[in-house]
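Undergrad: Sequence:
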Amino acid sequence: MQRRRRQLVVGAVSALAAPALLFGKSYASTPRAVLRTAWWSDPFARGSYSHLGLHGTRADRVQLAQPVAERLVFAGEATEPDYPSTVHGAILSGRRAADQIRDLGVDHVAIIGAGVAGLAAAELLLRDGIAVDLFEARARIGGRVITDRSLGFAADLGASWIHGSHANPVTEIAHALGLTLLRSDWEGVVTRNREGRIVDMPEWLHWHSIANLDYADDYDNLSDLALDEGEEFGGPDVMISGGYDQILAGFETDGARLHLASPIVQIRYGTGGVEIVTAAGSNTGTLTAQAAIVTLPLGVLQSGAVQFAPSLPPEVQASLSRLRMGSLEKVVLHYDHAFWDQGAEVILAADARDGAFAAFVNLLPLTGQAALMALNGGDYARSLAGLSTEVLGQRASAALAALYL
Numbered sequence: 070m071q072r073r074r075r076q077l078v079v080g081a082v083s084a085l086a087a088p089a090l091l092f093g094k095s096y097a098s099t100p101r102a103v104l105r106t107a108w109w110s111d112p113f114a115r116g117s118y119s120h121l122g123l124h125g126t127r128a129d130r131v132q133l134a135q136p137v138a139e140r141l142v143f144a145g146e147a148t149e150p151d152y153p154s155t156v157h158g159a160i161l162s163g164r165r166a167a168d169q170i171r172d173l174g175v176d177h178v179a180i181i182g183a184g185v186a187g188l189a190a191a192e193l194l195l196r197d198g199i200a201v202d203l204f205e206a207r208a209r210i211g212g213r214v215i216t217d218r219s220l221g222f223a224a225d226l227g228a229s230w231i232h233g234s235h236a237n238p239v240t241e242i243a244h245a246l247g248l249t250l251l252r253s254d255w256e257g258v259v260t261r262n263r264e265g266r267i268v269d270m271p272e273w274l275h276w277h278s279i280a281n282l283d284y285a286d287d288y289d290n291l292s293d294l295a296l297d298e299g300e301e302f303g304g305p306d307v308m309i310s311g312g313y314d315q316i317l318a319g320f321e322t323d324g325a326r327l328h329l330a331s332p333i334v335q336i337r338y339g340t341g342g343v344e345i346v347t348a349a350g351s352n353t354g355t356l357t358a359q360a361a362i363v364t365l366p367l368g369v370l371q372s373g374a375v376q377f378a379p380s381l382p383p384e385v386q387a388s389l390s391r392l393r394m395g396s397l398e399k400v401v402l403h404y405d406h407a408f409w410d411q412g413a414e415v416i417l418a419a420d421a422r423d424g425a426f427a428a429f430v431n432l433l434p435l436t437g438q439a440a441l442m443a444l445n446g447g448d449y450a451r452s453l454a455g456l457s458t459e460v461l462g463q464r465a466s467a468a469l470a471a472l473y474l
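According to the working numbering, the sequence shown is numbered sequentially starting from 70.
Note that these hints are calculated values from the structure, not bench results. Hints may be right or wrong, so weigh each one.
Claimed, not checked - With beta-carbon atoms standing in for the labels, derived distance ranges: (1) VAL131 to GLY221: 43 to 49 angstroms; (2) GLN376 to GLY311: 36 to 42 angstroms; (3) ARG422 to LEU173: 47 to 53 angstroms; (4) SER380 to ASP168: 25 to 31 angstroms; (5) PRO383 to GLU300: 26 to 32 angstroms; (6) GLY221 to LEU173: 46 to 52 angstroms; (7) ASP448 to HIS244: 37 to 43 angstroms; (8) GLY311 to TRP255: 18 to 24 angstroms.
From a predicted model like this one, the values you see are computed outputs, not experimental measurements. Backbone N, C-alpha and C fix where the C-beta goes; we use that ideal spot for every residue, glycine too.
All chains should be built: construct the whole structure from the sequences, respecting the hints.
TA: As structure tokens, then:
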């Protein structure tokens, strides 16, 4: 989740707020402020999270988890065979990569990417007394974990849920920090059509209508294996009151040399160690280390923005090509009044097409604010990249208004 041209674009939409209720009927109002994401166009993310492409299999993730020439190891959710596409999968992959590097007996490691995979790897290496240089292209840590508070409440623009909260490493971090978790049981789902009526749909049809939100892509781009990929932790899904980014404080990385706003352009590797070449504006620098852990998102690796010398082995390149980066974009709408079904956890659009504003997550229970998070997935989400925040807010509010005529 990321890019330097600010994957997060914030905009405000001025409005006259209509009353929430008039003669017993709900009437949609215009949002007073809008936030949006742009993960697909973010050069430091190139998408939201990975899934198996048409010809991809679990073996491709297993391949990416293997060391390259011993001194180069990949981590990140795309390299986690059992828990891909999740924050906890990214954390577990970072810990796995740290274990692989520790077995080499090195005392200096470069980590590329300060998302949760990089932070998890750095924490373990530092605990063993290994020196760590941690490079991050953005001016902040967290990667695809980002919370915006510009509207007076916490809006998660990257990761939003802890999926399966029992024994989940994210839950363990949240508990250690004393964070409050709000259960998402996915039972409070209201489905409405574009004529403003509540409709009764079978549960399987509920979720079939927004499947491209789950996988952040259209069915035509998915392997059949993607639909049942990965394992699950037990327990309910939960959200973190006050913002998902609070978990970042749970990684003990104070001993690392942190290089923010330092995009990597080349990684040279061999049996003797690695060289990391950075480019920040007109400044270019090279750092030498005994090994490297690369936690860059799949989309960045596929883009060729970072060159490897020598080129990655053919089997690694093949596995990278068989995975695909999905696109899930969010639009947060902040209103003066909540005119929607306030007891609903999610409001689905029965006749949404192509992932266009198919779901609205009710943020009122989590934030205490009259706010919704609209979700768009797949090709439709990718098509939004060039729209302004104002236009995107207008589209989202119009789609919502149609559900409450």
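Undergrad: So, for every hint listed, does it hold in this structure?
TA: Right, here's what the structure says about each hint:
1. VAL131 to GLY221: 43 to 49 angstroms: Cβ of VAL131 to Cβ of GLY221: about 45 angstroms, so the range 43 to 49 angstroms holds.
2. GLN376 to GLY311: 36 to 42 angstroms: 40 angstroms Cβ-Cβ, so the 36 to 42 angstroms window holds.
3. ARG422 to LEU173: 47 to 53 angstroms: holds, 52 angstroms
4. SER380 to ASP168: 25 to 31 angstroms: holds, 26 angstroms
5. PRO383 to GLU300: 26 to 32 angstroms: With Cβ atoms ~29 angstroms apart, the hint holds.
6. GLY221 to LEU173: 46 to 52 angstroms: holds, 48 angstroms
7. ASP448 to HIS244: 37 to 43 angstroms: holds, 39 angstroms
8. GLY311 to TRP255: 18 to 24 angstroms: holds, 22 angstroms
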